[in-house]
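Start from chain A and add chain B according to the hints.
There are 2 protein chains.
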Amino acid sequence: MSLLFTPLQINSMRLENRIALTAMVTRLSSEDGFVNQGITDRYVRFARGEPGLIVLEAMAVHGSKSGPLLRISSDEFLPGLTELARRIHGTSPTKVVPQIIHFLKVARSGWRQTVDMLSRDEIRTIIGQYAAAAYRARAAGLDGVELHMAHAYTLASFLSKRSNTRTDEYGRTLEGRLRMACETITAVRRAVGPDFAVGVRFVGDECIKGGYSTHEARVIALRLAQLGADYISLSAGGKFEDHVPRDGQPPYPYTGYSGDRCMPSHDYADGINLYIPTAVKEYLIAHGLQTPVLAAGKIATRDMAEAVLANGQADLIGMARGLLADPDLPRKWRDGQDERVVGCIYCNVCKNLDENFRQVRCFLWPKDSLHAPEIHEWSVPAWPGGADLQAEVRGTSLRLTWNRAAAAAGVQGYDIFRSEDGKSWTRLWAGNMVGYSDFSATAGTTWHYMVQAYDAAGHRSALSNVAVAAMPMPDFSLPQTSESASD
Amino acid sequence: MSLLFTPLQINSMRLENRIALTAMVTRLSSEDGFVNQGITDRYVRFARGEPGLIVLEAMAVHGSKSGPLLRISSDEFLPGLTELARRIHGTSPTKVVPQIIHFLKVARSGWRQTVDMLSRDEIRTIIGQYAAAAYRARAAGLDGVELHMAHAYTLASFLSKRSNTRTDEYGRTLEGRLRMACETITAVRRAVGPDFAVGVRFVGDECIKGGYSTHEARVIALRLAQLGADYISLSAGGKFEDHVPRDGQPPYPYTGYSGDRCMPSHDYADGINLYIPTAVKEYLIAHGLQTPVLAAGKIATRDMAEAVLANGQADLIGMARGLLADPDLPRKWRDGQDERVVGCIYCNVCKNLDENFRQVRCFLWPKDSLHAPEIHEWSVPAWPGGADLQAEVRGTSLRLTWNRAAAAAGVQGYDIFRSEDGKSWTRLWAGNMVGYSDFSATAGTTWHYMVQAYDAAGHRSALSNVAVAAMPMPDFSLPQTSESASD
Numbered sequence: 055m056s057l058l059f060t061p062l063q064i065n066s067m068r069l070e071n072r073i074a075l076t077a078m079v080t081r082l083s084s085e086d087g088f089v090n091q092g093i094t095d096r097y098v099r100f101a102r103g104e105p106g107l108i109v110l111e112a113m114a115v116h117g118s119k120s121g122p123l124l125r126i127s128s129d130e131f132l133p134g135l136t137e138l139a140r141r142i143h144g145t146s147p148t149k150v151v152p153q154i155i156h157f158l159k160v161a162r163s164g165w166r167q168t169v170d171m172l173s174r175d176e177i178r179t180i181i182g183q184y185a186a187a188a189y190r191a192r193a194a195g196l197d198g199v200e201l202h203m204a205h206a207y208t209l210a211s212f213l214s215k216r217s218n219t220r221t222d223e224y225g226r227t228l229e230g231r232l233r234m235a236c237e238t239i240t241a242v243r244r245a246v247g248p249d250f251a252v253g254v255r256f257v258g259d260e261c262i263k264g265g266y267s268t269h270e271a272r273v274i275a276l277r278l279a280q281l282g283a284d285y286i287s288l289s290a291g292g293k294f295e296d297h298v299p300r301d302g303q304p305p306y307p308y309t310g311y312s313g314d315r316c317m318p319s320h321d322y323a324d325g326i327n328l329y330i331p332t333a334v335k336e337y338l339i340a341h342g343l344q345t346p347v348l349a350a351g352k353i354a355t356r357d358m359a360e361a362v363l364a365n366g367q368a369d370l371i372g373m374a375r376g377l378l379a380d381p382d383l384p385r386k387w388r389d390g391q392d393e394r395v396v397g398c399i400y401c402n403v404c405k406n407l408d409e410n411f412r413q414v415r416c417f418l419w420p421k422d423s424l425h426a427p428e429i430h431e432w433s434v435p436a437w438p439g440g441a442d443l444q445a446e447v448r449g450t451s452l453r454l455t456w457n458r459a460a461a462a463a464g465v466q467g468y469d470i471f472r473s474e475d476g477k478s479w480t481r482l483w484a485g486n487m488v489g490y491s492d493f494s495a496t497a498g499t500t501w502h503y504m505v506q507a508y509d510a511a512g513h514r515s516a517l518s519n520v521a522v523a524a525m526p527m528p529d530f531s532l533p534q535t536s537e538s539a540s541d
Numbered sequence: 055m056s057l058l059f060t061p062l063q064i065n066s067m068r069l070e071n072r073i074a075l076t077a078m079v080t081r082l083s084s085e086d087g088f089v090n091q092g093i094t095d096r097y098v099r100f101a102r103g104e105p106g107l108i109v110l111e112a113m114a115v116h117g118s119k120s121g122p123l124l125r126i127s128s129d130e131f132l133p134g135l136t137e138l139a140r141r142i143h144g145t146s147p148t149k150v151v152p153q154i155i156h157f158l159k160v161a162r163s164g165w166r167q168t169v170d171m172l173s174r175d176e177i178r179t180i181i182g183q184y185a186a187a188a189y190r191a192r193a194a195g196l197d198g199v200e201l202h203m204a205h206a207y208t209l210a211s212f213l214s215k216r217s218n219t220r221t222d223e224y225g226r227t228l229e230g231r232l233r234m235a236c237e238t239i240t241a242v243r244r245a246v247g248p249d250f251a252v253g254v255r256f257v258g259d260e261c262i263k264g265g266y267s268t269h270e271a272r273v274i275a276l277r278l279a280q281l282g283a284d285y286i287s288l289s290a291g292g293k294f295e296d297h298v299p300r301d302g303q304p305p306y307p308y309t310g311y312s313g314d315r316c317m318p319s320h321d322y323a324d325g326i327n328l329y330i331p332t333a334v335k336e337y338l339i340a341h342g343l344q345t346p347v348l349a350a351g352k353i354a355t356r357d358m359a360e361a362v363l364a365n366g367q368a369d370l371i372g373m374a375r376g377l378l379a380d381p382d383l384p385r386k387w388r389d390g391q392d393e394r395v396v397g398c399i400y401c402n403v404c405k406n407l408d409e410n411f412r413q414v415r416c417f418l419w420p421k422d423s424l425h426a427p428e429i430h431e432w433s434v435p436a437w438p439g440g441a442d443l444q445a446e447v448r449g450t451s452l453r454l455t456w457n458r459a460a461a462a463a464g465v466q467g468y469d470i471f472r473s474e475d476g477k478s479w480t481r482l483w484a485g486n487m488v489g490y491s492d493f494s495a496t497a498g499t500t501w502h503y504m505v506q507a508y509d510a511a512g513h514r515s516a517l518s519n520v521a522v523a524a525m526p527m528p529d530f531s532l533p534q535t536s537e538s539a540s541d
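Heads up: the sequence lines are chains A and B, in that order. Our numbering puts the first residue of the first sequence at 55, with every later residue one more than the last. Our numbering puts the first residue of the second sequence at 55, with every later residue one more than the last.
Chain A extracted, bound-state conformation (with noise of 0.2 Å):
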């Protein structure tokens, strides 16, 4: 029975399916921060794939000039958000939540303003800012709201240990981090009523020098789970404190190794971020509270998504990339057409046009595509003239080429396949050219590849013959030298 299709109701919103897309800029909406076509169409798209519940892209709660960026800080949003959130509904039966968001000022010239600069009214003002917010949420018809605690943004500054250089009531130890975030749930709970739901996101481990973990991160779910929050999301990193400075660009979290963990790249393994959500779950028990906890961060396999409820480890699989890869993720699995999902590589491609400015697409769209394709054709992509995968070595890599393939609505892309021993195969890598060379083959091992080429709806052509290549283990002996004979 798959866990994952069981549904889960959190306060009075009834999510489908345990799958979440997790908030992810898009960097199509523009500097007014009013929902336009783009916004629309992308959130439109992820609807389509039925995910349980979509979050919403980070939107302010307060004015100040930003770049693209949603706004949900007045009234005059609220229109824009009704028609997005109708639109959503509209479409399938995945639920909508906005990711409801505070910042500090940063500069080109690297000044950030910091949580020890706020004055006590400005401290209000900001709660304010967010019970408002989260008000217009509701008033807008969408079925919750995520108070943004995590990455590097006002309220994660609050909970973190490096960053809360206060030394009132709201820092010096970890009850006055806590503060800040716990009168910001009581305001937004005052503000919405007991029956809507209010989910917070937090990082489970700053992943920078002088940062929580997760002794630290447990106590603070507790807390927020004790103060009504509905779910707790569990992100990692996404720090200011390691970014890597670029010449005339103001300091951006996600650049440095904190960025890498909080969107863990192919170089990671699956799952890395789970001890998080496993020793918050496993506090929560302990302290009778049932609030469910999203886990995040390359869950990439509908096995591991299935252990991890199992387990007992998360109630909910967020997922971003994933479902940028393949809006229609969540429909076919469930409908048991695990093969024909186009598989996030992790390449973070995404994540790299962020970081420099720029709309976020998938590397494995096709190109010039905006959002991720649909086609309804029946199109089963074939090689006429066969696939004629060769594998070569060239020094230290193996270089695969293969036929371009055909179908009638054009092939998408190509999945690429490796085994070391010709029955054990494991999906290396994809995308839209006809070679690859291979940089982590090493020497003494036959390797084996295979290659699939699919469509924009995810059907695939038969998998390619089998090409093999090997290294020959070097020589690593070198003639005895008169250093290693005396000195």
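Source of the hints: derived by calculation from the structure; they are not laboratory data.
No farther apart than 27 Å at their CA atoms in a straight line, the calculated lysine-lysine pairs in the DSS-like style are these:
no., chain 1, residue 1, chain 2, residue 2
1, B, 263, B, 159
2, A, 263, B, 215
3, A, 159, B, 263
4, B, 263, A, 263
For chain B alone, coordinates are given in the frame of chain A:
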């Protein structure tokens, strides 16, 4: 049955138990590189505790100028090393291997020599130096040798996905990055013969942006095992790339986040790096290799250590800080005197002393002790007038105070225990003061505390009275402001 105290044969070296002192700088050596009295005393002290294996702190295979550092770079160091081996062997069945290291130049200006600057001749020289040093280790009567391929040093920088920017056969691909390590272990094996234990230590997760993680670590481990590594010791982080610059000091690894991950503090969960040996061991087994793997990184409790072995996640338990705090831990665990262990609190005072180029001692040792104290008389600490533990609220922290205890041999310190419910207790901290401020206690819980005094042998007083204190849950409701009502 204890797996920890099951012997392990590593090539011709038989370890009596599975506890290994991992290499830890002492800064007790002088710039001349010779074994001196301080070094001898430190390692003989460790040997009295009877760990299965002592890995001596890194000693240089080359003659470059450096600060205080042991050397094995020429035959003049042989007499000192021979005598050190003899002294350790004369003390207990503990086996001892030196960790041998090559490092590149660093300057106070921040300039660092990097692996792309090395000519092929220089590479050959380094390999020859490793081989000669390993040969000397055997000649000195040491039981094996450990090749330092970890952290920020030369061999690690070749393995690194980030640091290795070479475009020749020593870089560019995983196989290229492996070459230097492969040539080194091959040359070392040829120098020492087949029957001498050759271990390797490298990082299983670089913990820096763009570094490798377990995907590649397992391939590195496989190759080194195939080339005859007799054990594989896995560390994490410790890189130059994220070091914290300090005025007038050359760059020093371990000062950044990757340094925190190398030596996880009390902020981190126990066993935070265990995913590394787990992934490596699984991969080796899948490839038919039984090469022993050493796990390290805040494996703090006997239960965790036994579980790691029982689960097959590793074959050896590495400890450095835990054995610094109490070198007698292996003996005490073996003899069922677990309660007499003076337990490391992972305060990282030792790490900070190293970073500041000072002799490495333990915060838990008596002030001014150069080595872990030893007493042999029977001495049970007691509170003649009662402990009188008091706990009181001070703002958002709890302040504990208690009476000084007395013991024939002197009181070394106090363990502080905490409980949420008065039933399940955890050790919170230790120290030699008679007061403590708990900055991690949160409101709304009645916190229970006990203290216990111990002497240098770990003889313990009775537990103190239980003191309780609770911060009332603050009122997180703010008066509604005009901001929250309108804009």
